[in-house]
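Asks: Chain residues, written in single-letter form:
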Amino acid sequence: MSAASALSVSGVSSGYGEAVIVRDVSLAMESGEILALLGKNGMGKSTLLKTIMGFLPVRSGGSIRVFGDTVSGLPPYRVARRAIAYTPQEQALFQDLTVEENLRLGLRDDRTFDAGLARVTKAFAFVGERLAQRAGTLSGGEQKMLLVARALMAAPKLMLIDEITEGLQPSVIERLAGVLRAQRDEFGTAILLVEQNVRFALSVADSFALIKSGEIVDRGRVGDAGAEASIGTHLSV
Amino acid sequence: MIATLLDIVTSAAILYAVAAGLLIVFGVMKIINFAHGGFLTIGGYSALAVTKLGWNPWASLVFATGIGFVAGMIIERLVVKPLYSRPLDAILATWGLGIIIGQLITIAFGREVQFVQSPMSGAIEFAGASYSSYRLVLVLAATVIGVGIAALLQKTRLGLVTRAVIMNEDLARGLGINSGLVRFFTFSLGAALASLAGALITPLSSVDPNMGVPWLVNAFMLVLVSGVSFMSLLVATVVFGGAQVLVSTYVSPVLGGLTIVVAAAVLMRVRPQGFSRE
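If you read the protein sequences in the order shown, they are chains A and B. Quick note, the first sequence lines up with residues 1170 to 1406 if you use this note's numbering. Quick note, the second sequence lines up with residues -3 to 274 if you use this note's numbering.
Worth flagging that the hints you see were computed from the coordinates, not collected in a lab. Glycine residues also receive a C-beta, built at the ideal position from the N, C-alpha and C atoms. Where hints are given, some of them may not hold.
Looking from chain A toward chain B, a few residues come up when the C-beta cut is under 8 Å (computed) [as the list claims (entries may be wrong)]:
(1) Met1222
(2) Pro1226
(3) Arg1234
(4) Asp1238
(5) Gly1242
(6) Pro1244
(7) Ala1249
(8) Arg1250
(9) Tyr1255
(10) Pro1257
(11) Phe1263
(12) Asp1265
(13) Leu1266
(14) Leu1274
(15) Asp1279
(16) Phe1282
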């Protein structure tokens, strides 16, 4: 794990109250890398993202660094200001705010709105056409696209995306995959993708990590010999 | 008839001015600030101080707003912020704070009822009726407060992040919003609005160390039936303020004083969301 890693998680444990959900997790990813964090329900994927964002404290002496700076112990808003875009799995949009207001909240500086909007409308044209519409009235797929659009507004260097494909139809999933690949290729953004949709995750990711009972049990490059077999073994019912 | 109508409008305006600060604190911090009556009393005594200093009575509005804002800043940092993670304790702390403010004012100004100089006196003809010019000014003041809050919330970046914190604080924090700073500003603004309201209403009555208590009770009930919506608050103040005026005028002033509390309790029983749409 080099100091220049986009994200470096070292010996991190965390959880809720007395329950330890994430156990001694270490992983690193570089700029321009998409890492798929795979695992069944309740294995600690979302908990790990919340820990990285500072919503849950790191236990037992572990540390989290973003582009070399230690962020463990910082409140979420200060972690987010390190050019990180976080899209949680649930209640991720402000339903009663308009599309424009949701997009503005993805920015630190309102003066960059026009530039950000121009960038995201290349990926999601509907966003620019429906700025005044309440986010809660968009379809499920459009809401997910708005989530990604908001994440892209501030040109993040690191994205943490939690179960973005849940409940989406294949055409929307393919579109999101294209946008994430383009973000990696054009801007060198590192993307940590928490997914249960293995096919989608492996179609966009460069590497993968398997999490089971809060521990990383396998880590490798997508396409490596034995990767699919390992994933299949760990994710089989 | 016209006078009664004007009474309803001005009562609603005064209630709105008093309850607006309580509502914005409730929206962002999810606590009822029981020191709100204390801040209102601070505003009343700020107006009294202006009278005693011989300043222009209009200066009391600016003076009270400033004193309220500074008092809110200090109290948020010293008392409320350490209790963020214990909202019930925070509510109890604001209750105690209201008592402390009343006692400090008693020590400084005495227990007796006192009067401030009104910024304007006399009556003007309005739609064929003679009506207190200062009460009409209150309508204007409440309108300015309402429009100001709406503009702040709807047209500024600060308003946008405040609404985001009201709707989903964790999500807002994950987007880089310092919700602690939003809470700090909001509490201070709520205190300033209460203090301004106190300065606005004192020329109509008097000041005493407990003057904020009845206003706090009414404002509390209005906030309960308004959810976190200023539009609902406006409706609530017009409906309940109107009912209060009608009961006071045609039935009994004593019962009029209870009208808002009783009506709010009945409304919450039959429609738990009150005037809120949700």
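Asks: Which earlier hints can't be squared with this structure?
Replies: 2, 3, 4, 5, 16
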